[in-house]
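Chains A and B supply the protein sequences, listed in that same order.
My numbering numbers the first residue of the first sequence as 1 and each following residue consecutively.
My numbering numbers the first residue of the second sequence as 1 and each following residue consecutively.
Note that these hints are calculated values from the structure, not bench results.
Quick caveat: nothing in here was measured; it's all calculated off a predicted structure.
There's no promise every hint is true.
Unchecked claim - Reference excerpt, derived from the structure (chain A facing chain B, CB under 7 Å, subset only):
#: 1; residue: Tyr244
#: 2; residue: Leu247
#: 3; residue: Leu251
#: 4; residue: Leu254
#: 5; residue: Asn305
#: 6; residue: Asn364
Stated by the list, open to error - If you want the ones that stay clear, here's a sample from chain A, every Cβ over 10 Å from chain B, calculated:
#: 7; residue: Gln61
#: 8; residue: Asn104
#: 9; residue: Ile200
#: 10; residue: Ser249
#: 11; residue: Glu280
#: 12; residue: Ser326
#: 13; residue: Ile373
Where a beta carbon is used, it is the ideal one built from N, C-alpha and C, also for glycine.
2 protein chains.
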Amino acid sequence: MNTCGIIAEYNPFHNGHKYQLQKAKEKAQADVMIVVMSGNFLQRGEPAIIDKWTRANEALQQGADLVVELPVHWSLQSADYFAKGSVRLLHALHCQNLSFGTDNSTDFDYASFGRFMLAHQKEFDKAYKEYDDPTLSYAQKIDRLLSNRYPSFTFSKDQPNHILGLTYTKENASFKQPMRIHPIQRVKASHHSTELTKEIASATAIRQAVLSQKEIKKVVPVKTAEDLLFYQVSWENYWPLLKYKILTSSLSELKEIYQMVEGLEYRLKSKIKEAKHFDELVELVKSKRYTRTRIQRLLCYILLNLKDEAVKNAWQHNYLHILGFSEKGQQYLQQEKKTISWPIISKVGKAQESIMALTIQSDNVYQLANAKITEQNFGKTPIRV
Amino acid sequence: MNTCGIIAEYNPFHNGHKYQLQKAKEKAQADVMIVVMSGNFLQRGEPAIIDKWTRANEALQQGADLVVELPVHWSLQSADYFAKGSVRLLHALHCQNLSFGTDNSTDFDYASFGRFMLAHQKEFDKAYKEYDDPTLSYAQKIDRLLSNRYPSFTFSKDQPNHILGLTYTKENASFKQPMRIHPIQRVKASHHSTELTKEIASATAIRQAVLSQKEIKKVVPVKTAEDLLFYQVSWENYWPLLKYKILTSSLSELKEIYQMVEGLEYRLKSKIKEAKHFDELVELVKSKRYTRTRIQRLLCYILLNLKDEAVKNAWQHNYLHILGFSEKGQQYLQQEKKTISWPIISKVGKAQESIMALTIQSDNVYQLANAKITEQNFGKTPIRV
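Bound-form chain A, shown alone (with noise of 0.2 Å):
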C-alpha cells in the first residue's frame, strides 16, 4: 500500500486541512494518509482548541486513514524539533510520501532542497552547530545560513507553512531512504487572515471567531461546527493555576524547567503579580530576544511542569500512540507492525504509563480546563470509522 504522511495540528480541523488530505493523497496516489497530529499541547506553545481525540476524529471523518499522535515532548517545540518528531515518527511507520501545504511560491523545488541538504550534511551540521544560540529561531537560523549558499532559497517570517516545509524537508533529507514531497499550494493566502467569506479560512481566523460568537459553518465540517459548540479550551483558563504555579514555585524549581534559560525565572518571578491575564504576562515578558511564541511554550512547560531532563529523556523513548483508524488504515497498520520498530500503542494501561509520563502529565491538566473533556489516556482505543 502506497502511503502519504500529513503533519497537523488540526486547530481545529477546517476545510483548507479537508482540502489538503485530498490533493495530498492525488498527488502521491496514496491508499493510506496517515496524519501525525499534536495531542493537546501545540507548536505555538498553547492548549489545543479540542481535544486530540475529538480532533482525530474530524479527521478520519474527512480522509484521514490513519492518525498518530506527535507526543507533546515533540509538539510543543520550535519547528525544527517538531519536524524532527513528526518525520522520524512518519519514518517509524514506514510512510512513503510527505505532503505539507505551502505559503511559499510552487517554484521552491523542496525535493531539491532536500537532496542539497543530503548532499551538505556534514557541512550545514557543523555551521548549524555554530549558530546553536538559544535566541535566535529556526527560522532566523536557516536564514543566516542558506540564503547566501542555496540559490533558490527563498524565505520570509510572514511564510510560517513554508518554514515548515524547509524543516520537514530538511530532517527527511537525513534519513537513507528519504519520503517523496509533495508541497501544495494553499488556498489562502495568509495564515493569520480574520475574513471567513469564502470557503476555507485559517486556523487563526476560524479560533477568533469562535471566541467572538461568530458563524463558521461556512468553514468547517459540520462535525468541527458542532464539536466547537460542545466546548473551546484557551490559554485563559489555566491562568489561574500558571499564576499560582509561579508564584508558590522557588527561582530554583523555576529553573528545572525545560527552556527556561538566561534568568528568564527572575523575569518571570518579578512580573507575575502585575499581570492580570494570560496575554499580559505574555506582554510583560516578550522582548525582541523572547518572541511571544518562545515565551508562550515556555508557560506551557512550565504550567504542565515539564522538566529540562525529564524532555531530553522522552526524546530517547519514541512510540506511536494510535489515535484512530479507518479499516485501510487498521490494515496498513496489521501489515507493517511486525517490521516497525517504535512500540505501538492502541491502550494506554499501567505498562505505558512510564513512556508516555509527560504526555499523561500534561494531559492531567489540560483536563482541568473544563469538565467536559473527558479522560484522554488510560483505557482509550484507538476511534475506528
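Following the hints, position chain B against chain A.
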C-alpha cells in the same frame, strides 16, 4: 505597664472573643492586651475565612491593644508547635500574663500543672522524645505520658481548648520567668455546637451559618458581620489549585513537602483523579492513622509549597510582624523595643522578604481565592485604632 497575652485565630472574631478579651483584662489586671493571631492559614489546616488584617482590625475594635501575626510556619501546625510558636512570641514581647479559654472544669489548676512540668522537665523531655512518633497527635502523647503520673490531669479529645491550654502551659513552663496563667471558663460548652440562639456561638457554628447564609448578627460584632458580607474564603476556593499541584508534582517533589511521611505521596497521587471536591479528597486519604486535621494541614503544605527544609529553617528565624495597635499598644512597643531581641516588622519591604518568605508565599496563594483580597504584606503598615 502590665500586659496580658491571648493566643487566637479569630476565624471569625465573635462575641465570645470579645468576652474573653474583657475577662482576661479583668483577671490579669492588665493595661495592655496583646493578641498573637494566626495569619491567613490556621492551626486546623484551613485558610482563614477573612484575611489577617481584617481580623486584626476586628480585634482592635473590641479591646485588643497590640495584634502580632503568628507566622504560617507556627500557625499551620499541630497543637504543640502552635503553642511553642505563640508562647515564645509572647515571651519575646515581654508579656507577663497569659489567658486562654478552657472547656475543662475550672477545678483544673493549669498553673500547678505548669510548675509540675517545670519540676519534671528533663524526665518529661526524655519520655516525650520516646514518643516522637509522627502518627501520634499531641493530645495522644500528653495522654500517654501524663495520665498515670499527674493526679489531677484530665483529658478528653472533645476538649480542644483544654488541650491547647495544656500545651501553652507546658511551653510556658520551659521559660525561666513563666507568664502567670489565667484560664477563663468558656461560656458555650461545645466548640462544635451549631446553635446560634444565644449571644455567644462557636467560630465553627458561625462559619457554618455564614456558608448557609443564616443570620449571624446576634453572635458577632457589627464589624465582623459587615466584613463577612464582603467576601468569605474556604478550602473549596483552592481546590482547583491543589488538584493541579498534586497532578503535576512528581513523587519526589511531593516527598520534599513538610510532613509528607510514610509514603503519603503515593496515596495522594493515587486518589487525586478520583476526588471531585476538597472534602472528597480528605475523605479518601484520611485514616485511623492520619486524622482529618492532619491531612488538611498536609494539603495546606502542598498548596503553599512549604518544604520540610524551609519550615525547619524558618523556626530558627523569628520575628514580630505587627498587624495593628491602639495608642496604648504602640506606647508599650515603643517602651520595650530596645530590649526586645526579635526583629520588629512594622512595614514589609525588600529587606524583610527573606525572613518572611514563607508567609509572603502563603499569602500570595491566599489572595488567589478572591480578587477582593488585597496585598497582604508589601507596603502594609500597622492598623491604628
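Structure-based check of all given hints:
1. Tyr244: holds, 5 Å
2. Leu247: With a minimum Cβ separation of about 5 Å from chain B (threshold 7 Å), the hint on A:Leu247 holds.
3. Leu251: Hint on A:Leu251: violated, closest Cβ of chain B at ~11 Å, above 7 Å.
4. Leu254: With Cβ-Cβ at 12 Å, over 7 Å, it is violated.
5. Asn305: holds, 4 Å
6. Asn364: Holds, about 5 Å.
7. Gln61: holds, 30 Å
8. Asn104: holds, 40 Å
9. Ile200: The assertion about A:Ile200 holds, with a minimum of 38 Å to chain B.
10. Ser249: violated, 7 Å
11. Glu280: Fine: 14 Å to the nearest Cβ keeps A:Glu280 off the interface.
12. Ser326: holds, 32 Å
13. Ile373: holds, 13 Å
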